[in-house]
Amino acid sequence: MKIAVASGKGGTGKTMVAANLAFTLAQTCQVTLVDCDVEEPNLHLFFPAPATAKDVTVPVPVIDEKICDRCGKCGEFCQYGALTVLRDRVLFFPELCHSCGGCMLVCPKNAIHEEPKRVGIVTNATPMQRLNLVSGYLDAGNPFAVPVIRAAKTATAGDCLVILDASPGTSCPVVETLDGCDACILVTESTPFGLHDLQLAVDVADRLGIPAGVVINRSDGKDQETLDFCTNHDLDMMMTIPFDRGIAAIQSRGDLLCRVRPEWLKAFSALYSKCCALVGED
Amino acid sequence: MKICITSHGATLEALAEERFGRAPFFIIVDTDTGSFESLENPFAGAGGGVGPRAAQLIIAHQVTALVSGMVGGNAREVLIAAGIHLYEYRAGGTVKDALDQFNKKTLECIV
Chain A
1 MKIAVASGKG GTGKTMVAAN LAFTLAQTCQ VTLVDCDVEE PNLHLFFPAP
51 ATAKDVTVPV PVIDEKICDR CGKCGEFCQY GALTVLRDRV LFFPELCHSC
101 GGCMLVCPKN AIHEEPKRVG IVTNATPMQR LNLVSGYLDA GNPFAVPVIR
151 AAKTATAGDC LVILDASPGT SCPVVETLDG CDACILVTES TPFGLHDLQL
201 AVDVADRLGI PAGVVINRSD GKDQETLDFC TNHDLDMMMT IPFDRGIAAI
251 QSRGDLLCRV RPEWLKAFSA LYSKCCALVG ED
Chain B
283 MKICITSHGA TLEALAEERF GRAPFFIIVD TDTGSFESLE NPFAGAGGGV
333 GPRAAQLIIA HQVTALVSGM VGGNAREVLI AAGIHLYEYR AGGTVKDALD
383 QFNKKTLECI V
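Chains A and B, in that order, are what the protein sequence lines are.
So for the first sequence, our numbering puts the first residue at 1; every next one is plus one.
So for the second sequence, our numbering puts the first residue at 283; every next one is plus one.
There may be inaccurate statements among the hints.
Only part of the chain B face toward chain A is listed, based on derived beta-carbon distances under 8 angstroms [as the list claims (entries may be wrong)]:
1. A296
2. A337
3. Q338
Sample of chain A residues lacking proximity to chain B, with all beta carbon distances greater than 10 angstroms (derived) [what the hints assert, rightly or not]:
4. T84
5. H113
6. D220
Hints listed in this document are in silico derivations from the structure and should not be mistaken for laboratory results.
Virtual Cβ for every residue (Gly too), placed ideally from N, Cα, C.
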């Protein structure tokens, strides 16, 4: 069972929901929590523990200037502008390269080979008995989050129960996180932005064919529009977390709602049951 | 000598464009004869990496100088490597205005 937590809008409480869901499940079974928000991973703040790290690399072209005759084929081929062929040399811009390998294929002289370039790390920790935390960290200045997310997901490939915390938005990193998941929890909030971006996120989950349900966080009780949207789109309303200064304080000091107020364990257990129901499992 | 002026349109009367990689047109002028050709920029609406690709394009037209507003870091690196001088024109006039100023040597050579 793989459950992604996504939102569309940032700051709605994806990490809060993912962390508390994983904490709850770890009371009774083995669970893996994956921080796929690799541009700003923060789950480790809620689960501090010593971690081991592995580099994530992508292949980039290296040109043998002795063999290259500056024919220009690689530069013409590269749709990302990563290679510019001049009369006397070839310029390579690693931050533009998408690691497609095409330049290597079109080079008539076989003057190009690939070498790994580090783009981030994936860490692995065991902050609680039965809880494994895998976090992706994109190196600063690197524009491509997807390879790091992919590496974090690959590190958890064999695990049975996985909770993935997605980045905000609906672009490639979110699609990469959702890809292959069984269910998706969409976290929204009681604001027009929360609802607007929820609609975008629902569309993404829908196109990927992943059953989704909705959690309203920081609810001020005036959620009729969101509830109507869920009804109209046949989305399961899974949980409502009230706007509560006490909850905000727990979250802000890096603690967990379910640890401080164990009465919430039941609500997050129910959230998991609803995810199973979405997938058609008991 | 041949120079390239970034432009909104295909003629000398068009407004000069301040952006390089996403300029809709490149006007290539032969400063010795005053003749020119206009080149539609195929990368004006491309996703990314337009700077180096546009630079490659004007290099292929054997220009020795570029008159434009803002040129990004990657394109600049390519232009420097190819020995193309970069002149800044940001006065908001037409391609012809930019050309006149270039001919009068009143434009600042950045690179």
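Verification of the hints:
Interface restraint check: A296(B) against chain A, minimum CB-CB distance 25 angstroms, threshold 8 angstroms, status violated. At about 7 angstroms, the closest approach between the beta carbon of A337(B) and any beta carbon in chain A falls short of 8 angstroms, and the interface hint on this residue holds. Because the beta carbon of Q338(B) sits about 5 angstroms from the nearest beta carbon in chain A, less than 8 angstroms, this interface hint is met. A cut-off of 10 angstroms between C-beta atoms contradicts the statement that T84(A) is not in contact with chain B; the least separation is 5 angstroms.
For H113(A), the condition that its CB be more than 10 angstroms from all CB atoms of chain B holds, with the nearest at approximately 22 angstroms. Separation of D220(A) from chain B is adequate, the least Cβ-Cβ distance of about 40 angstroms exceeding the 10 angstroms criterion.
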